[in-house]
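Given these sequences and hints, build the entire structure.
There are 2 protein chains.
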Amino acid sequence: MRKTTILYLLFIAVANCFAQNDPTQYVNPFTGTQDMGHTFPGATVPFGMVQLSPDTDTILFYKNGEYNKDVYRYCAGYQYEDSTIVGFSHTHFNGTGHSDLGDFLIIPFKGEPKLNPGTSAQPEKGYRSRYSKNTESASPGYYAVVLDDYKVKAELTATTHVGVHQYTFEPGARRKILLDLFHGIYNYDGKVVWSSIRLENDTLITGYRQTQGWARDRKLFFAMSFSEKIMDYRLVNQKPEAYKGFWRKFDKIERIPECSGKKLKAWFQFKPAIKPIHLSPKDLRTGKEPPPRIGPPLKVKVAISAVSANGAIKNLQQETPHWNFEAYKEDAREKWNQELRKISITATEKVKSNFYTAMYHAFMSPVVYEDVDGQYRGLDQRIHQSEGFTNYTIFSLWDTFRALHPLLTIMQPQRTSDMVNSMLAHQQQSVHDMLPIWSHYSNENWCMTGYHAASVISDAIVKNIPGIDIDTALHAMKHTAWYPKYDQNQIYRIRGYVPYDDGPYSVTKTLEYSYDDWAIFQVAQLAKQEKLARALRVRADNYKNMFDQETGLMRPKMHDKTWVKDFDPLATHGMGFIEGNAYTYSLFVPHDIMGLAFLKGGDEALANHLDTLFTMPLPEEKYADTEDITSAGIIGNYIHGNEPGHHVPYMYNYVGRPWKTEHIVRRINKEMYRATPDGLCGNDDCGQMSAWYIFSALGFYPVTPGTNQYVLGSPNIEKAKINLKNGKTFEIEVKNQSPANIYVQKVLLNGKEWPKLFITHQMIIEGGKLTFFMSDRPNKNRGQQYGDRPYSLSAMH
Amino acid sequence: MRKTTILYLLFIAVANCFAQNDPTQYVNPFTGTQDMGHTFPGATVPFGMVQLSPDTDTILFYKNGEYNKDVYRYCAGYQYEDSTIVGFSHTHFNGTGHSDLGDFLIIPFKGEPKLNPGTSAQPEKGYRSRYSKNTESASPGYYAVVLDDYKVKAELTATTHVGVHQYTFEPGARRKILLDLFHGIYNYDGKVVWSSIRLENDTLITGYRQTQGWARDRKLFFAMSFSEKIMDYRLVNQKPEAYKGFWRKFDKIERIPECSGKKLKAWFQFKPAIKPIHLSPKDLRTGKEPPPRIGPPLKVKVAISAVSANGAIKNLQQETPHWNFEAYKEDAREKWNQELRKISITATEKVKSNFYTAMYHAFMSPVVYEDVDGQYRGLDQRIHQSEGFTNYTIFSLWDTFRALHPLLTIMQPQRTSDMVNSMLAHQQQSVHDMLPIWSHYSNENWCMTGYHAASVISDAIVKNIPGIDIDTALHAMKHTAWYPKYDQNQIYRIRGYVPYDDGPYSVTKTLEYSYDDWAIFQVAQLAKQEKLARALRVRADNYKNMFDQETGLMRPKMHDKTWVKDFDPLATHGMGFIEGNAYTYSLFVPHDIMGLAFLKGGDEALANHLDTLFTMPLPEEKYADTEDITSAGIIGNYIHGNEPGHHVPYMYNYVGRPWKTEHIVRRINKEMYRATPDGLCGNDDCGQMSAWYIFSALGFYPVTPGTNQYVLGSPNIEKAKINLKNGKTFEIEVKNQSPANIYVQKVLLNGKEWPKLFITHQMIIEGGKLTFFMSDRPNKNRGQQYGDRPYSLSAMH
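The listed protein sequences correspond, in order, to chains Y and B. Heads up, this note's numbering is the position in the first sequence plus 1, with the first residue counted as 1. Heads up, this note's numbering is the position in the second sequence plus 1, with the first residue counted as 1.
Please keep in mind that the hints were generated in silico from the structure rather than gathered at the bench. These figures come from a predicted structure and were not determined experimentally. You may find that some hints are simply not true.
In this list, chains with the same sequence are indistinguishable; a pair is considered to hold if it fits within one copy or across any two.
Heads up, simulated DSS-like pairs for lysine-lysine below, C-alpha to C-alpha not over 27 Å straight-line [unchecked claim]:
1) K264 x K64
2) K115 x K486
3) K240 x K486
4) K230 x K486
5) K720 x K353
Have a look at this one:
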């Protein structure tokens, strides 16, 4: 062979290898950015604190005392079909159903500074810019767009604590950067309690925002470094205070280097985007015009810290020591690849795209919430040093206890340990002595019901995640479950249920507390705290107090123990439930599905309930009030776009009908996930929707976090290899995979027939191979032995 | 002698000794609490961060956009003649002419909680209480009063960082404590930007206030510890935010242990003030009623910190480890005695009372502004560690550069060094690269004119105060003097004067910059920075640009170098001056009084100007607008109640007429200082008024800080002994002292005749004795030799 041929073949080999090792290519960050997915397309690294992303509107949450429902579409700041970009802000939730954040918005511009964002109808009235979809692109850790109004190519990438911007202006443009400290997601006039900007020197500015939103007392600091010297600037307070004091001396000078208040805007000007060209003597003679030449792009690095401006500067210095944008971009991509390579799959392109996009979304949050030196702002608003763990925030636990955290126990054992320890620190810093409900940047925002940190911690302990002190954990869980002031917990504890006439969501609360109490019970047993275990064992049965034999459903009960009158089992709100109706919540007993079946009159009755759920018509008015349920996510009365039913498709296994699980899981996987902007049928909810897909694609699902079991379903991949942290691998091979072959005929574990309908966490962690044999016809003989079914509370005791 | 007699004599001896060593007995903390002294009567320790004192009204600074002039009377929160007490707050300025502070107001009460303060006309409508003057008492470090409405004896004492309260209720009272985080001095609706309360456990609460007032970004944290367990409590947000989020879950429960917002009040209830009495069997038989018995008083310790709640807890733990109120009170008294004993005097009772009260007020501020571990919040709002110095704040430099800081160079060399280093740290943390103008709790409030930190630092360096790096100091002073955006400094630098048509106070600014530049020039010379020294030497002459030969006065000049038309040399405002008129300011050239005399046409002309000043009638309408000038403080056109003229009485020495200085100084000392509530003729101004008295009582005064000279006057004591830090003493003896013998006949230094009209700092520091011989007739032969007069700039170069 000739040398060039050899080189060529080598190149092909490397390229192939590279393609195989670059799963980021399958990720579409725009997935879920349309309608109700509430994802963002911008740049972030796995579990990174910075999510640097375009915001496409500025709808106010409150205006004149009225709640504006339209704001809900902008939970992540972005809607795919919008035609203007307000700017790029540094913090975004992935897929939440309520919101906050959007800190430190920046936009490059030229021309006269405009200090207000303008509107989508009249973008020219403000600093926002139009853009064309065809100039927009995104990949993990990178986002790019051309801002038409300013003819600027904007590129974004990120490290854990730093957003890195690169702005390429057209030649000769007088380059300016606008900074808006008032802008925010779910913003309203009054949300910014105080903010501050300070020019430290001619390339560095610092500042902070304190906001009163979903997080009641949220402080975020920044350090912003420019690649070029600031030539001119203005700091403007658009809402001056009644009392100015002797600061009025500076009233007419906006070029003073510090400013504080409630509505701060600033702009910074840099040298024009052109290099001076020295014409040759000949050029001068001939009068030749030099071609315009573009200078180096303007770059901005913005580090954030919840601790202090000093903390932000430390983060800036440590994570972004140079100005090579491409290198940061490559680093970010490589960080994603390191995470995505933890599962390599063989599957159709569509499945690959769905799968890696789901992994991308699943590995975004919770986020690292400490500075590079381990300092973090605790729930008590004081500065703490994380000792022996990395501190995390954004625990949307009502969503994520279901599948996201169980997924992390397999894929991210170290982070799981860190997250559990972050929750324990939260409990220690809580004046309520409580574990997080929804932990958000040193705040508890009390969103949704239950105390599902108990589920996450119990699951981690049962699965032997290292670095968790079981006594500390049990103490924290116990104090949480016994805190009387939390959400009718006292009356729940005294009566064994939350009365309907005592407060909202009474059935949901009772069922969720009951499950959470069971989760704590698991740990109390492991810790050999028998008295506590007995008390919790009783509480774990409290779900039974909600079961109405007459309707066969969970039903709201009054103080006087009578059932609620005019019971509407399809209502998702106002009937003792939240974000789900009685048909769905009647199946929320993940810890005792056999007990539930017993209540209902046996396996047949529970199976019938499941069949009814997936087939009954659900009138649209029954879910119209629930913002993030769209008809695309509905099968009968089963709503995949929201969480309360996520375990339900797998419940057929508990009543010996695995083929029904297989059928419905494949249908959901096929119909409700697409790696396209409109590809999510509900909020991603901090990765829960994505985690459901990952598990289901692999063929199993954690119906009962707090056990070590994963219940089998029907994988839609051909092969998968899970590369575990301990160096072992767990492989999944699917024989006869095809769109029609959705039914599992047989399962082998390490080559030997595996008759059970579940596998355990230990099996995965020890490494091995699970082989599914698929067919287009159900095998109704699998899992018919009682011992083959997943455990439940009753079976265990 | 019998043993008891010996013991008795011993007791008398000890008691005498104790009385001699207890100069606090001469201090009346009520001095200046009436009208315009703006002092407070409460408890503080020397240079302590806590000033725990009663506030007697709640007048708002702004209401409906209007400035309320009445607020000026409440700069220290207290007016002697008021009949109600709103409560006790923890921070107060001593004698300022603008205000802020009043943090963390507490009042004990019984009965139904009232969350608003009520009015002085209708105290029963709010939580405030009436009180009788005859129950009120105060001594250094201690304040006591009976709150009539609640029948509570309130006693206060303090450590550097902690206010200690002791409340004795009547028997059986249900004891409660109210905490108001909205209350403040110079308060207005909107001043509290954010605040927070948190119950850490059943005896400890923490929290903070962030305010926007004189200090634009002020944060103060507290840790409040009760001597008994909290039995019940409420935390109330009186101004709930538009957006409550999921906190609405707690809406109906005010007993949740944390609260944040803009208008927070709280109350805490304790066991009734009675011990349970176990009746004897006999008592039970006879049916005897037990007498009510008072339990131990309720005590509260409130530590403050500008760093964090953790910092406040550290301060609390380190400074107040026990609950013995009497011990804290004695500690505070002893701390004051240690300071007051530094000068022991023999004098009339009236003079002693004035003298020690003046020392008490002079040693209150600047205040220690760091936690017990040396952490402090810098001007950059970041947390710093003081390395090698103690950090101070409250530098009211336009007032205190004149006599207070020079006094501290003698009496407090270590604190002077610390204060200078605090100013240098301020400069390093300043985005303006400037030394403090008015340093106030991590803020620059830009109050008044000049950059007199230069004077203080120069004075300290010239006097060899240890621990000051001269290069760092010179760098800081130079950057301050060259900062173009400060108060017409740029045009001053370019033109040599501030034009009248460029901004207010043009003459005052020119004269003060000119003096401050001379002060920096002194240091530049010592540092051998000749180029800089030459530039400053030129600037030091800039005062000459304001001198109008026609009127013989300093007169505002326009951009075009013409003098202002319609010149009113008696106007104190609007004519190029601030808080003084042309007659007074024409004498503000402390660094070149001989040069000034030359401009005016010689010694005679200057002497005539002085004579005129002290004798001309000043129509009341000329000073009616200047809030803190009262007729009690006026001699002719000389206004002792405000600072610009404080050096003027001593200027006769520079023109060889020392007897005129002696006469006027004795008159001021006699007429304008009384240790009574109405005993100050103007604001104490952070001790400047008091420092003037101390110097003048001792017989000398620092006319020109930045030189090592003190100009002689006429002492009103008989003997004084200054106990210096170096172990030496400087004694002053006054022969033939009497109210009539106000003229100095002769002065001996260490027994030898001292012909000069000044002494030097070195003479004092080296120890020795100065003997004045007094008479009722002036000695017009003293100081007639040219070399006998104090130096001035011209004489030196």
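Review point. Can you give the numbers of the hints that this structure goes against, from lowest to highest?
Key: none
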